[in-house]
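Trainee: Spelled out, the chains give:
Protein chains: 2
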Amino acid sequence: MNGQIGAALAVSTVIFALRPDLESGFSTLWLPLVRRTREPYLDQWALPGGGLPTDEELAGAAARTLRETTGLTPKYLEQLYTFGDPGRSPGGRVVSVVYWALVESDEAALAVVDKNVQWFSADHLPPLAFDHNRIVEYALWRLRTKVEYSRIAHAFLGETFTLAQLREVHEAVLQKALDPANFRRTIESSGTVVDTGQRVAGVPHRPPRLYRYNDSVHAVDSGALEPAIG
Amino acid sequence: MNGQIGAALAVSTVIFALRPDLESGFSTLWLPLVRRTREPYLDQWALPGGGLPTDEELAGAAARTLRETTGLTPKYLEQLYTFGDPGRSPGGRVVSVVYWALVESDEAALAVVDKNVQWFSADHLPPLAFDHNRIVEYALWRLRTKVEYSRIAHAFLGETFTLAQLREVHEAVLQKALDPANFRRTIESSGTVVDTGQRVAGVPHRPPRLYRYNDSVHAVDSGALEPAIG
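If you're matching them up, the sequences are chains G and W in order.
Sequential numbering from 1 applies to the first sequence in this note's numbering.
Sequential numbering from 1 applies to the second sequence in this note's numbering.
Simulated from the structure, these hints should not be mistaken for lab results.
Quick reminder that beta carbons are idealized off the backbone N, C-alpha and C, glycines included.
Any given hint could turn out to be false.
[To be verified] Here are the simulated DSSO-like pairs of lysine-lysine, each with C-alpha atoms no more than 27 Å apart in a straight line:
#1 G/115 / G/75
#2 G/146 / G/75
#3 W/75 / W/115
#4 G/146 / W/75
#5 W/176 / W/146
#6 W/75 / W/146
#7 G/146 / W/146
#8 G/75 / W/146
#9 G/176 / G/146
[Stated by the list, open to error] In silico contact screen, one side only, chain G against chain W (beta carbon under 7 Å); selected entries:
#10 7
#11 55
#12 58
#13 86
Just need the whole structure built from these sequences, with the hints factored in.
Mentor: As structure tokens, this is what we get:
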């Protein structure tokens, strides 16, 4: 760690939530973006974020800038990757430590929405400021890889859920329809969920069973995305 | 990405290789460390690394500082995590982007070893400079988690290997003995390795079969540790 050379440091955050696609009605991944109010990239959409003050933890700066712009305070906010290509920002090198989070729909509904903060479908983004399209693509890739071997889908669901709700999360993340019977067999044989013995209230005829995650199964991830470190 | 505030940026690298434990003879994880030749932490051991020049890619800086100090040029060098606690470096904040790599024993044997570069057993480290003990602990944790669901062990092996060699890698990483018959059944049923039809040369009586990784199986990771991005 000799001879460090100063560089501008920033944090940015990718937040995913499930929302219905406006055309198909199926759940898809959405994320909030913030309109830039200064150059460079004036008026273009960008990930929530900002510069890193000298005395603030990286995760703290990510949480604060996210809260200030969108009003969101996700339970899980974890480091995704650090982007530092010399040419990624005009007018001087900026290294961005990127965090990410998944939020439940109820939580997502609390986000600020105005002319400078809006939700976009993750697979239909406009050209974003800086290399933020590439950052979102990387986050999507990580999410789609992780959903297959971890309980990451849990972050989108409440404490209990139906198998149909769990399947819907997998379908939204993987962008493909899954056969309900096959999905049920796969999930049940994995042992990752437990039948709570309860059923959805207020459904008169054959209400669906409610499941919860099986905490006794070793989770690859301890949090939503990546284990907390420390 | 407004209002970025300058901070010192550095890169460091954790390199793991398998070497026999000096007492037990069993394979264990080792890593090369570099003795610091200046303050702070003069004469203490530290991860290979250095400051980030303005025009160098993060991964390029990690590879260069690693090569300059240890002579190693790993095939896979991937981003692990960015450490940026305000108090982690005396005399001014330093944010370190940490890379990691796994190297085969043949490659590790080419590393420079002198009074300022030495290999240490990953589980028996002296107090290192800065927060480097914590960084190594985090890397070990990630490695031990990943070996269970990815083909990460491959990075320690050549193109073909015996099941005993593969088991030895898992044993070294997980720090526990694995039953050979159970391990064989688990690996064979996973479909992740393929019998090449060849056997180890030069062994007259029942030479062990040689296997290779099954490239048609979806790999969670495309490289050694983390998929390349870009």
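Trainee: For every hint, state whether the structure bears it out.
Mentor: Verification of the hints:
Under the criterion of a C-alpha separation no larger than 27 Å, the hint pairing residue 115 of chain G with residue 75 of chain G is consistent with the structure, at around 26 Å. Distance check on the hinted pair: residue 146 of chain G and residue 75 of chain G sit about 19 Å apart at the alpha-carbon level, within 27 Å; holds. For a cut-off of 27 Å, the pair hint linking residue 75 of chain W to residue 115 of chain W stands: about 26 Å separates their Cα positions. Simply put, residue 146 of chain G and residue 75 of chain W have alpha-carbon atoms about 24 Å apart, close enough for the 27 Å limit, and the pair holds.
Between residue 176 of chain W and residue 146 of chain W the CA atoms are separated by roughly 16 Å; this keeps the pair inside 27 Å, and the hint holds. Between the alpha carbons of residue 75 of chain W and residue 146 of chain W the distance comes to roughly 19 Å, so the proposed pair stays at or under 27 Å and holds. In summary, the hint linking residue 146 of chain G to residue 146 of chain W is supported, as the alpha carbons are separated by about 12 Å, within the 27 Å threshold. With a C-alpha separation of about 24 Å, the suggested pairing of residue 75 of chain G with residue 146 of chain W holds against the 27 Å cut-off.
A threshold of 27 Å between alpha carbons decides the hint, and for residue 176 of chain G with residue 146 of chain G the separation of about 16 Å falls inside it, so the pair holds. Given hint, residue 7 of chain G at the interface with chain W, holds; its Cβ is 5 Å from that chain's nearest Cβ, closer than 7 Å. With its C-beta approaching chain W no nearer than about 5 Å, residue 55 of chain G sits inside the 7 Å limit, and its interface hint holds. Because the smallest distance between the Cβ of residue 58 of chain G and any Cβ of chain W comes to about 4 Å, under 7 Å, the interface hint for this residue holds.
Residue-level restraint check for residue 86 of chain G holds (minimum Cβ-Cβ distance to chain W is 5 Å; threshold 7 Å).
Violated hints are absent here; each numbered hint is respected by the structure.
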